[in-house]
Structure formats: C-alpha cells, structure tokens
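Asks: Take the given structure of chain A and dock chain B to it, following the hints.
So you can see what is in the structure, the chains are spelled out below.
Number of protein chains: 2
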Amino acid sequence: MNVTDIAKRTYDHGWRLDPIVRSLLDTDFYKLLMLQMIRHLHDDVQATFSLVNRTRTVRLADVIDEQELRDQLDHARTLRFSKKELIWLAGNSFYGKARMFAPDFIAWLADFQLPEYELRKVDGQFELRFPGPWTHTTMWEIPALAIVNELRSRAVLKGRGRFELDVLYARAKARLWDKVERLRALPDLAVSDFGTRRRHGFLWQRWCVEALKEGLGDRLIGTSNVLLAMDNDLEATGTNAHELPMVLAALAGRGGNDAAIAAAPYQVLEEWRAHYDGNLLVALPDAFGTAAFLRNAPDWVADWTGFRPDSMPPIEAGEQIIAWWQEHGRDPREKLLVFSDGMDIETIERTYHHFHGRVRMSFGWGTNLTNDFRGCDPAGGAGLEPISLVAKVMQADGQPAVKLSDNPAKATGTTAEVARYLRIFGQEGMNARTPEV
Amino acid sequence: MNVTDIAKRTYDHGWRLDPIVRSLLDTDFYKLLMLQMIRHLHDDVQATFSLVNRTRTVRLADVIDEQELRDQLDHARTLRFSKKELIWLAGNSFYGKARMFAPDFIAWLADFQLPEYELRKVDGQFELRFPGPWTHTTMWEIPALAIVNELRSRAVLKGRGRFELDVLYARAKARLWDKVERLRALPDLAVSDFGTRRRHGFLWQRWCVEALKEGLGDRLIGTSNVLLAMDNDLEATGTNAHELPMVLAALAGRGGNDAAIAAAPYQVLEEWRAHYDGNLLVALPDAFGTAAFLRNAPDWVADWTGFRPDSMPPIEAGEQIIAWWQEHGRDPREKLLVFSDGMDIETIERTYHHFHGRVRMSFGWGTNLTNDFRGCDPAGGAGLEPISLVAKVMQADGQPAVKLSDNPAKATGTTAEVARYLRIFGQEGMNARTPEV
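Chains as they are written, first to last, in the working numbering: chain A, 1 to 437; chain B, 438 to 874.
So that you can see chain A by itself, here it is in the shape it has in the complex (with noise of 0.2 Å):
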C-alpha cells in the first residue's frame, strides 16, 4: 500500500519558504538568562549588533541570495512565543531550580518580536546590522547566525542528486557516531550540544543531538538550544556571553573614565550573581584578556563555581585558571571548567585526561558538532566547510563596543578604542591564533 498524503503534497506545492528558524525558542540559552537581567537592570540602552564574517575569503554575498536571506530574516521577525513555550519556560526547572525566570518577565516575552535589520552587499560580504534597544537587539545573534549559515549550506547543494545528498548525510552520520564511540570511553565526560550558531542546518543539529541523547546517554548533559532541550527532555545549558561586559565597559568608559572600564568585568559578576547562582555562576574570563581578569579580580570571584576560558588553548587556560584558584586557596576539585572554544574530538579526549581527576569539567561542543562534513561532500570543494561567522555588539548608547579576548584574532572594536582597552588591560598572554570555528 502507497500511502500519499494528498493534502500534505498540495500544502507543500503552495509553499513559499521553508523557513530555517521556526520558533523564538530556537535560540541558546543564555540569551534568555542574559535577557531576563538586560531588561532588569539595563531596559534603556541601545546597542547595535552586527554580523562578522572572519572567514573572508568565502564571499557570503556571491553564495546566497540577498532576497531568501531577506524572507529568512522577515520570517523569524514574525514568530511569537507560542503559548506552550511560555508555559514550559515558565513552569521547567533550569539548573536544578523552578521558576528560573519571573513572571513578569514570562508576561513581557509574549509580546516579544524581533526587531528591525539594517541588510546590504558590501564587497561580497553582508552588512547586517541590529540597531535597538538591547533588550530586542541581543535576540537576533542566535537566529541570525543560523539563518546565515544554513542558507549557505542550502545553496551549496542546491540541485544536487538524491542519492549524492542521501551519502553526504550517511557519511556525516557515520562521523559522528565515530566521535561518540570515542567519547564512550571518558567514563566522567559531561558534554553539551553548544552548536546552534554555527551549524549545517536545523534538522542537522537535532539529528545531532538525539544521537548524542541515545548514544552517550547521561554523560549528555543538556543542549544550548531551548527549542531542542524542551522537545528532547534535555537541560538547557549555557550561562552568559562576551556582550556583558562588552556593553558593560562600553557604558562605563564614557567620558574617559578608565577606571570604571577597569572595574566593568566584575560589574557584570556582581550583577549576574543578584540573579543567577549554583552553576550559572560560571564566568567568562577572556573578554579583556584572562590574565588581566585574574590578576585583578576580587577575591569573592573565586568563589564562583567556575570558568568559562573561550579564546586560549583549553590545557593552557584550564592550567592559568587552577593556579589562580589555588593562589586564593581554593580547591579546584571543587570548581568546574566549562571549555566550549572550537572543541572537536582530540580536544576533548586531550582537556579531559589532562585535568580528569583536578578539576570539574565540562565541554560545550559547538561546529565541529553540528557542522562538520569534512570528507563528506561527494561533489568534494570546501563549500560545506564551517565559517566562522559571529554576531557581536559593536556599540552600546553610541560608544563602541570592544572585545580583546586571548586571541587578538577574536577582537572586535574600533582601531582607537581597541588600543585604549589595552593600555587599560594590558596585552598579557595574548596571542593571535586562527579563530576556531
């Protein structure tokens, strides 16, 4: 018996999109942990995000059409939180705690949309912009970022053949399950699905982590996406982004005030922990440079639960962060490392022998999760290779906004300001690496 869904089929001829982001909650996270404290305690800056491409030798604006981006970005900008995501967001336990976000702020993401966008062609790159006030602006880097990267994967195997794309999968499939075998081995290994931004498509991601569900069982500790942890019994992992204290410090130089520049990374601390604790209090080290951070930080930050290091090799930033700890007279046995910058495989099965036994740990895997088809393309070309592709805060009420991380690579900001927050930060232990996808 062949079965037709009639209705289904004429439905299908009539479409118009197939739309990458189908729901609010297609997002990470931290965004909505982030989110609930922006609009706390910061309802009335406005702050520009923009798409970075660093891999500029891929011209984004010859692969996809600036019309489909447009209908993409249109289309997110039409989604609501559905009423069964309000209820679940509200009535769900996140990080071992009920009621992680208030009602009040539950009340005022039903009349969420995203906001306006800025789109144009520059020199084969897109120029898309997100100007508005924070608390509507910080929602587009996720769905942004997907939109991007999964209209690239779209039109690179536009017209491709049904059995070659039917390979491609099968052999990506087959990648995969060969890193959870390998994974298997780490009898302690807490991993979480951090690939939403960056990945092939969403289908693909959600392959990706029920794979993961099913084959590594508890040692899964949850997924950055809301939309995937809520449909998959998962926790929802992540904590907080760069575009704290990035905002943070841009607000408080103004006017030249260095000092407060200085002060704004452990702000964003004292800020975070009046809302979150337990294993939320996990802090970003790098925005400024790691060292730096360290050698200034209070002595209350070492009692936060741990780090999350993003832009230095993950054995040489775990091995900066434990001295620190121990310095203070701390037992990092008792702390947890979250390591989440460019993680593959080798990197994790390295950083966990490395420390196992030394320090808690857990590791955030993002593109080579979600995106990796090395060798998988049938047709060959580098058309599928991952990109690295950011969305950053560029200025917050009319300052620019500065990233230096360990990685000078990673920095973003003007050429001035950039130079200003070294002579505050100083440059100790950067160094300029290839930025892990």
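There may be inaccurate statements among the hints.
Below, in silico cross-link-like pairs of lysine-lysine (PhoX-like), each with a Cα-Cα straight-line distance of 25 Å or less [said to hold, decoys possible]: (1) A:Lys84 to A:Lys97; (2) B:Lys595 to B:Lys558; (3) A:Lys158 to B:Lys650; (4) A:Lys213 to A:Lys97; (5) A:Lys8 to B:Lys650; (6) B:Lys534 to B:Lys521; (7) A:Lys213 to A:Lys84; (8) A:Lys335 to A:Lys97; (9) A:Lys213 to B:Lys595.
FYI, nobody ran anything at the bench for these hints, they're computed from the structure.
These numbers come from a predicted model, not from an experiment.
Replies: Then chain B, alone, in the frame of chain A:
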C-alpha cells in the same frame, strides 16, 4: 504543520507481518529465462531444491524464529503475477529483443504460484526442501534465499535503538558510495547488480541499486532483480544457472550412462541456443569443472558470445578461457566474460585492469554490493556478516543431482555420485577455496 496520516497509522497497527517478498518479480531474471525453457522442454521433470547453509558456524535455526520463517514462506505462496507485471514482461524488451517471452508462457505465468515446502530444524539449521515439478520448484530459489537472509538481518537488529540503526545504514551507505567513487575511475566498466539472493534486505538492495544508477550512470548495465529493473527502468540481466546442467546430467545418467552425463553440459547449450541468442549466449563452464568443459567442448561452443566463470579466481579463469578461444581461432576482443563469483571493489578493479582491451567484460556484483556491512554495526559482532547460503537442486526424477565446480568447497551431491562425476570429468584445475559469499 505536523501531518500524521491517520489511515496509514491505523493500517500499520494491524500488521500481522511485514512481508519480505511482495512480488513474484522480486527474483532473478535468469529464473524466468530458464523457466520458459524448462516449461517448453522439461515440463514433466520433478526436481527437488534444498536450502544449504555452507556457513555451518552460523546456526540459523537458533537465530531465526521458525514460525516467522513459515509466515514469510506462506506469504510468498499467496503471491501471483499481477496484470501490470505480466503486461510489462510481455511488452518490455530484454537484451535488445522484443517479445522475449512467448504469449503462451505469459498466459501460463498468470496462474503460477510457488509450490509447497517442507521445513524442519536439524541440529541448529533449517532443513528447507522444495519437492515438486521443476517448473515450480525452480522459482523458490531466490525468494527462499532472500527471505532467510532478511529474517536473519531482522533478528540481529531487533530491539536496536533508532540512532544505532540510523548510523548502521549511514555507515553502509558511506561504504557503498566509497566503492562507487572508485568504480567511476574505470571508464569502460559494465557492472550489474546480482545481489538479490544474499541481500541484507529488500529496501537495502533497492537503495544500493538506485544509488548505483545515480552514481555510475551507463556503467550500471542493469540488475538481475526483475522487480527493481521494472521499477527503475533498468535492464534485467542474467542468463542461466547450474541447475540446467545438473538436472540434465542427473536425468542423462540414469541406468549407468556415463557418456550421457559427459554430454549433458553441451546438450544444455544446444537447448539454450534454440531459445535465446546474442548476449544471452553466455555459458557457465564450471558445473563439472572448467578444464574438462573446455577440453571436451565442440567447436561451436566457441561461437557463443561468452562465458560466466563462477568458481575460479577471475584472472585465472579469464586467462584459461581466452587461451581456449585463441586455440579455437576466435578473437577474444569480440568475446564477453561475465565475472560473478564473490566480486568486490578490489577484485573488480584488479580484473578490469588485467583484461582491459583484451576481452569484453562485465561484472555481476552480488553479496558485496547488497550485503556489505563490515565495520558498520555500532554494536559490533558478526551477526550481519553475510553467510554462504544457497538453494540447489538435489535430485531430478529421483536421481541425485551433482555439482563439482572448480572449487570443491562449492560441490554438492551424494558422496557416491560426486565420486562418479569426478571419474567422468576428472579433477583438473580444481582447488579448494573458502566459498566466496
């Protein structure tokens, strides 16, 4: 929009059986060619076929549930050729020839049904016998093999997780496509699917054949599976099998007539060329040993289009046959060799390069096309390793049937009768090798 086809789900709930063989065309093309001739010339012969598992270490009756096997065999007995199938057999061209099947044969097929079977368990194996008229028992060979092989796959995979299964097939797809990419490097390749009998499962064979069609284009010259040929607009390929000389020799040997046994292989060819011509004039030389066959062959055998060596290493067999053609003053470049014994990517490549330019070649690719899951099973183990399962004619009109082959491990027949055939044909060139699966 999530669409569940309620009617289909309801229908599925009531499944008693997921049938393995769903059409009488799900068989090898040579069975139909032979059947037309058997019905014409040997309508009155009783022939018993029997399942033989040469891989004794796999205790099939411990793996496969007897009742499930009965259910599948019983379901196959309910099948009839559909009108569409008969119209296609009558109207399609085979090997470039219209009306390959005579109207009276087509009319006879309309009433065809698979005859009864005898099944019991003996020492961990199934004793599965098909006694009855040759015109009917011959048609059990392929469905019986396909059913037992697929039931084994299903038993091994029962209870596996959804992603484990997905990865299994992903790896197998990647594995096959790697072979496809290597085969693309052979510009004059002609390959045909011969994998029905040993397939992992019907749906997997269909994937393999459709993948070859997309991946190899014209270099896929067809499939032996008639149903897949019809559904995919491919050529149906195949000529004849050992059962013809085996039955004719058994009948000829009644009353101690050894000379008639010696003549039987050539009688088969005379009968065949009275029915078919062109590229269907391909002889199996090895039923009672290739050396003896060639030594005693009348000169007109060298006028045939080619040979299908089936139990000797391909290069050795090809060289022997080419030398024989040359001795008989024929140009091998006008002749065809069909290699079909345990071929895989390495042997295809090696044989192709060895003979390229010296003789026309095609490859019948069987088990290693449709049942190669080596290294693919996430659970490990040998449960999906193909086994050397055959269905052979055991007696004809009460006389034991014998096959010697160039590989004594592939010999069948009673000890006494095998000894008799060895006296008649000699043992030249026979070397025991593990039977290729």
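Asks: Of the hints stated earlier, which fail here?
Replies: 5
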